[in-house]
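Colleague: Could you fit the two chains together into a complex? Lean on the hints.
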Amino acid sequence: MTVEEGELLGLIGPNGSGKTTLLNIVSGYYKADAGTIAYQGRAILGHAPHKLARIGIGRSFQITKIFKRLTVIENMLVAGLSDGKAARAEAQDRAEGLLRDLKLDRLRDERASSLSGGQGKLLEFARIMMLSPKIVLLDEPFGGVHPELKRFMHDRIRKWNAAGTTIILISHDMGSIFDLCERVVTLSYGDIICDGTPEETRNSPAVLDAYLGDHHGSA
Amino acid sequence: MSLTMLRVTGSGLLLAGFLILPFVLGDYWIYTVTIGFYYAILAASWALLVGYVGRISFAQTAMAGLGGYVSALSVQYIGLPPVFGLLLGVMIAAAIGFAIGWLTLQLHGAYLGLTTIAFAEILRITATAEYNLTEGSRGLQVVPLLENGTRVEYYFLFLMITLACLALMTWLLQSRVGLFFQSIREDEDGAASLGVNVTLWKIMAFAISSAFAGLAGGLQAHFVQLITPSMMSLQEMGLVLAMAVVGGFHNVIFAALGGVGLQVLLEALRELGEWRLVVFGLLTLLILRAAPNGIFGIIFDALAKRLLTKGRDE
Numbered sequence: 000m001t002v003e004e005g006e007l008l009g010l011i012g013p014n015g016s017g018k019t020t021l022l023n024i025v026s027g028y029y030k031a032d033a034g035t036i037a038y039q040g041r042a043i044l045g046h047a048p049h050k051l052a053r054i055g056i057g058r059s060f061q062i063t064k065i066f067k068r069l070t071v072i073e074n075m076l077v078a079g080l081s082d083g084k085a086a087r088a089e090a091q092d093r094a095e096g097l098l099r100d101l102k103l104d105r106l107r108d109e110r111a112s113s114l115s116g117g118q119g120k121l122l123e124f125a126r127i128m129m130l131s132p133k134i135v136l137l138d139e140p141f142g143g144v145h146p147e148l149k150r151f152m153h154d155r156i157r158k159w160n161a162a163g164t165t166i167i168l169i170s171h172d173m174g175s176i177f178d179l180c181e182r183v184v185t186l187s188y189g190d191i192i193c194d195g196t197p198e199e200t201r202n203s204p205a206v207l208d209a210y211l212g213d214h215h216g217s218a
Numbered sequence: 000m001s002l003t004m005l006r007v008t009g010s011g012l013l014l015a016g017f018l019i020l021p022f023v024l025g026d027y028w029i030y031t032v033t034i035g036f037y038y039a040i041l042a043a044s045w046a047l048l049v050g051y052v053g054r055i056s057f058a059q060t061a062m063a064g065l066g067g068y069v070s071a072l073s074v075q076y077i078g079l080p081p082v083f084g085l086l087l088g089v090m091i092a093a094a095i096g097f098a099i100g101w102l103t104l105q106l107h108g109a110y111l112g113l114t115t116i117a118f119a120e121i122l123r124i125t126a127t128a129e130y131n132l133t134e135g136s137r138g139l140q141v142v143p144l145l146e147n148g149t150r151v152e153y154y155f156l157f158l159m160i161t162l163a164c165l166a167l168m169t170w171l172l173q174s175r176v177g178l179f180f181q182s183i184r185e186d187e188d189g190a191a192s193l194g195v196n197v198t199l200w201k202i203m204a205f206a207i208s209s210a211f212a213g214l215a216g217g218l219q220a221h222f223v224q225l226i227t228p229s230m231m232s233l234q235e236m237g238l239v240l241a242m243a244v245v246g247g248f249h250n251v252i253f254a255a256l257g258g259v260g261l262q263v264l265l266e267a268l269r270e271l272g273e274w275r276l277v278v279f280g281l282l283t284l285l286i287l288r289a290a291p292n293g294i295f296g297i298i299f300d301a302l303a304k305r306l307l308t309k310g311r312d313e
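These protein sequence lines are chains A and B, in that order.
Residue numbers for the first sequence follow numbering that gives the first Met the number 0, beginning at 0 and rising by one.
Residue numbers for the second sequence follow numbering that gives the first Met the number 0, beginning at 0 and rising by one.
Honestly, the hints are just simulated from the structure, not real lab data.
Errors might be hidden in some of the hints.
Claimed, not checked - Sample of chain B residues at the chain A side, in silico, Cβ under 10 Å:
no., residue
1, 135
2, 136
3, 138
4, 175
5, 178
6, 179
7, 184
8, 185
9, 186
10, 192
11, 195
12, 197
13, 198
14, 199
15, 249
Claimed, not checked - One side of the interface only, derived from the structure: several residues of chain A facing chain B at Cβ under 7 Å:
no., residue
16, 48
17, 52
18, 58
19, 69
20, 77
21, 78
22, 82
23, 84
What the hints assert, rightly or not - Straight-line alpha carbon distances no greater than 35 Å define the calculated DSBU-like cross-link-like pairs of lysine-lysine that follow:
no., chain 1, residue 1, chain 2, residue 2
24, B, 309, A, 67
25, A, 67, A, 133
26, B, 309, A, 50
27, A, 67, A, 30
28, A, 84, A, 67
29, A, 50, A, 84
30, A, 102, B, 304
31, A, 30, A, 84
32, A, 30, B, 309
33, A, 133, A, 84
34, A, 30, A, 158
Each residue gets a CB set at the ideal place from its N, CA and C atoms; glycine is no exception.
With the rest of the complex left out, here is chain B (with noise of 0.2 Å):
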């Protein structure tokens, strides 16, 4: 068996599980996965921005959020179809992710992060104080995507918009631009001296970033049909992160896996309360400092030197 082939059975086998758990699970565990599939596409697009280009960013749910409450209000003030509203959405998550990749050009490590914490605060505490429009704390109210949609509905369509995401985002790593974000990553002098437009590409990798963060809001909000701004909170990006680092943040897979394991594991451990982020939180610092590749990224780097260890006895 090839790399390329164990890489499509593996997705084979995640996929026919993907497809065949709403005939084995409850309600409630349905509708808990396709919150996975949210976080999913959210993790995975800041594995996409943190893994690839190697900027980092702390204001992925407050993209998210962005995208949630520019749909969720262009449905209820302008009248726009919900699916419209989600287009909307991620064209000014994109165009907002584009304004700060510009201004964060120069910034690097703990001083871009912090300008992206200082960003999504900015968004958070903007949605909770303007109460006229956005009901701030208390929640606004969400048109649903789909009309009397069943859970089983929205499982499979969070489904296909996951697997449409992450493979959009698997298309485009890639194809040269995957290649020009590595580069970016690894040295931006030496990308510059090869041709690489590094300002554009930088500025870029925000804007497509955050373009898939404001769909992951988007779908959220017009699924659980209510909008908080608590869903920009450090917290849930903390979350977001711990999901993408356990998963394996170097693959945009990996850290979507990650998502929904960590949402099926913070659901299942409800008991321990607040308990529950502490042990994510260990989780995370164990994965990183024993497992930077992620668990995912353990499993797939085991099975590969297994295989290629197989193919050399043969």
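Bound-form chain A, shown alone (with noise of 0.2 Å):
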């Protein structure tokens, strides 16, 4: 499987098919059976997860995990200072900017514990582009919340992409998916069933075998 730099792929598949899993293996917590990952030329397989956060693979997890006895504007230090090269002042900064960016500014001082769940969403957004990463792997961003905070979210994905982020996007709410994807590859099982345009994967028999069984149409 090979992303291009600048695109917007979306990952799907039923529950189990190796989704997150791949994503684990791609940002160095887990390791691989087999198989190598190249990023930007470079064999990758078996970093440490902080060492691909630091060359540019950022991510987010399913349930956040954002640091909630940490202030907001902490939070987003942890990773502007964590290379150990940027001064505090130049890390504030652009954490500050990000903040406003995302309507998180007003929330700078306040525990993250007191964020609501969308919030929290948000926050690991912004860490995450504190990294200034070039490929930003999406964990099911959209579980439980808001539509017109899913709306906003939708919004910074697509300028985030345009200023050239690649982005892995893997979530279950196909309205998303295919409303922000160009390409879409769903796995079953840890295979690659189907690789293509939201319109070739909304009408593939192996997709819809692998969402509703074989039998789905034999009724």
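Modeller: Laid out in structure tokens, this is it:
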């Protein structure tokens, strides 16, 4: 499977198809039994998650992993200062800009534990963008999110993608996948069963079989 | 008054109190508070590891003992001046702390706690068994840190070192390292996904915390001029844990105040004999249940809340 630079790719499949496992392997959390992963021509399989984050691979988690006892701005600074190079003032400026962009600036000094679920998702977005990633792996970012906030998140995803960030989006929300992505890859039991446009994916018998079972059309 | 002003005023008042104490207290209580400074560094070093990084350890007093023995033995057998002995103790404690941190990287909660207990017991039993070197349970005579030093001189030396340690810890915890520590406490995977080298900082936290404990142990040994393996016992560890919890282990200064406060209380309750430890145990349970931020945490939070309310009213 190849992902082109600047692409916004949807990754779908029934539960247990291996979407999150793939994402965990790419981001260094799981070891692979076999195969290779190349990023900008470099083999990265087996690299530690923090190293991958520093070379531009950002990710979110199905259940947000925001630091609840830290304030919103401190959450941002962890990402901004983790490479050991950025000055605090510079990181702070960037963090504040991103918080403004995601309408979280008034919550700057609040503890992350006081954020709503949707605000937590936005904070996770903002933290990832602090890394200035080249590729972002989003795992179910719309789960439990209010439709209005979802539209706002769509808008930001499009904006980052338009700015050159490659995005791989995992979601069970087909509306979002088909709305945002030009290419959709479908997994089933770890295999790619379809790789095409939203239209091709919608009409693929293999995809329908994977989601509804072999005999969906026989009744 | 802002929160910063509250912090500065509180610290100033406490410092003034500690500076005046030797002029109003008798020799016995000066000695007691000086020992309290040893516990203050130890409790703060434990709080740094547990409160900020979320890594539990029951080997803190063992590290203090290690620092004490290394310093005492290097002065006695190699002829190092006590100050260099102390530094060597700090370095060895840091190195062993680094090794424990590395060995226990994948362990959490009860498993981590049990492993550190095993390590502490290995150190204590080794110090007891190596009679030819350490004089076992009888205790090893240690060269004093100050030649003909008075109690007041030791008091001020310990106060100064305690303040320096707390300043260093506070600086570290307010730097990016403090943020990395707290992010690891909150969620290791989340921290790694943002570029934090979780492995390195978990190990470093053990090393740094152990270095402070080693320094405290070395100071104590040269002050009391005797070191015994009981310094590394689990009962001592329980005492340090109680001090940090009662003071407030989410803040190194509160934990340090708990160290001094409980040491003074321990001496004040001496008439109760072993029962004072029961009192301490109950107090720790009560604080953990009712006030997880510790006594000083509650006081600070209450004052801060009052300040904020007053500010809003005005």
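Colleague: Look at each hint and say if it fits the structure.
Modeller: Do the hints match the structure? See the list:
no.	hint	in the structure
1	135	45 Å, violated
2	136	43 Å, violated
3	138	43 Å, violated
4	175	4 Å, holds
5	178	5 Å, holds
6	179	7 Å, holds
7	184	8 Å, holds
8	185	4 Å, holds
9	186	5 Å, holds
10	192	5 Å, holds
11	195	5 Å, holds
12	197	7 Å, holds
13	198	7 Å, holds
14	199	9 Å, holds
15	249	9 Å, holds
16	48	4 Å, holds
17	52	4 Å, holds
18	58	5 Å, holds
19	69	6 Å, holds
20	77	5 Å, holds
21	78	4 Å, holds
22	82	6 Å, holds
23	84	11 Å, violated
24	B/309 <-> A/67	28 Å, holds
25	A/67 <-> A/133	27 Å, holds
26	B/309 <-> A/50	48 Å, violated
27	A/67 <-> A/30	28 Å, holds
28	A/84 <-> A/67	25 Å, holds
29	A/50 <-> A/84	14 Å, holds
30	A/102 <-> B/304	27 Å, holds
31	A/30 <-> A/84	29 Å, holds
32	A/30 <-> B/309	56 Å, violated
33	A/133 <-> A/84	18 Å, holds
34	A/30 <-> A/158	32 Å, holds
The earlier numbered hints that this structure contradicts are 1, 2, 3, 23, 26 and 32.
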